[in-house]
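Engineer: Each chain, written out:
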Amino acid sequence: MSAPSGDAAPARFRPGDRVVVRRAYPPGHVRTPWYIRGHEGVIAQALGAFPNPEELAYARSGLPAQPLYRVRFQQRAVWPGYAGRPQDTLDIEIYQHWLEPAPVAAR
Amino acid sequence: MGGLPAGKVEKTEHDYAPWEKRVDALNVLLARRGHLRVDQMRRNIEALPPDAYETMSYYERWMSAIADSLLQRGLITAEELGRRMEEVAKREGAGS
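If you read the protein sequences in the order shown, they are chains D and R. 0 is the number of the first residue of the first sequence in numbering that gives the first Met the number 0; add one for each residue after it. 0 is the number of the first residue of the second sequence in numbering that gives the first Met the number 0; add one for each residue after it.
Chain R on its own, in the form it takes in the complex (with noise of 0.2 Å):
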């Protein structure tokens, strides 16, 4: 956070997962249709509460500012995206 310290900064390079790049292509896809701003996503980002910041990975927080920019600009809803959330966790819980 701003202004705290925030020990070394790791400087390796890692492999994304998966769902990281689909984050980042979501990101991509929805900037360029105009549905996402690069404002939009550094308020939602700084609108974390601390203990949220912390403890998220970089496309956590993403993933949650994206999800925050759709609901503001309503294109699509809390409940929408709560059902999705339900059916992929019960898919991913069967199939493990």
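With the rest of the complex left out, here is chain D (with noise of 0.2 Å):
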């Protein structure tokens, strides 16, 4: 776990905010699950900011560092017709730069 300082980009959002996967398909090393683009969480725990992996995966800096956090989705809003329990989450560590604030009427 990293303190905020001058090489980390600050946190934009806080643990129960929800949050939007953008949905962007760039080639590269990119760690954020291709299944969970397009969907919409809540914000579980931040856990700090980290060299960005897609930056490292190149042999650079990954500087700024990106604020990662762990989010929570509803297993039955991401897979069509899930057969598990209604109440069923999935948590997924996704950094900041891939998180937008969920639209208001989304509520």
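These are calculated hints, taken from the structure and not from any lab test. These figures come from a predicted structure and were not determined experimentally.
The calculated label-pair distances, taken between Cβ atoms and stated as ranges, are: (1) Arg-69(D) - Thr-76(R): 41 to 47 Å; (2) Glu-53(R) - Ala-8(D): 34 to 40 Å; (3) Gly-81(R) - Gln-74(D): 46 to 52 Å.
Here are some of the chain D residues that sit facing chain R, going by a computed Cβ distance under 10 Å: (4) Arg-30; (5) Ala-58; (6) Gly-61.
Every residue gets a Cβ at the ideal spot worked out from N, C-alpha and C, and that includes glycine.
These two chains come separately, so use the hints to put the complex back together.
Structural biologist: Structure, rendered in structure tokens:
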């Protein structure tokens, strides 16, 4: 866990905030799972800021460090025809630059 | 490969061959010197074509990813690596 510093992007989200994963499909070394892009979730935990793996993969510094969050999704919203319990959730660790605030109308 | 059926997970331990231990050691030393990041290793392993990924063993994938990373960083050249591989093949062939 790293404290915010000059080398870290400021955190935009706090636990409880509703977010949407960007629906983007760039080439390169992207860690954000394909299937979760475009879905809405809730920030469960702020994990600190870490050098961006998309940049580290190409031997660059990955700075400024990107805040990383554990984001919680509803399984039945992610998987069409989900057969598990309706309250099942899915946690994914996602970097801040993949997240946008959820539209207010979505509540 | 991600998202595809893969059969059962074999949960057996096995001894590592000396070359596998050397690959592991090489990885640790290069990382410690700042010449390698796990992210670049992942990128290179994930970039393997599916048939190569399926047929290579775990440490063969590592070895391939280490070589790719060092080439990408300009620490070695393909020619250098190729010549050394020829040397080794010749030596191993002669010794057996």
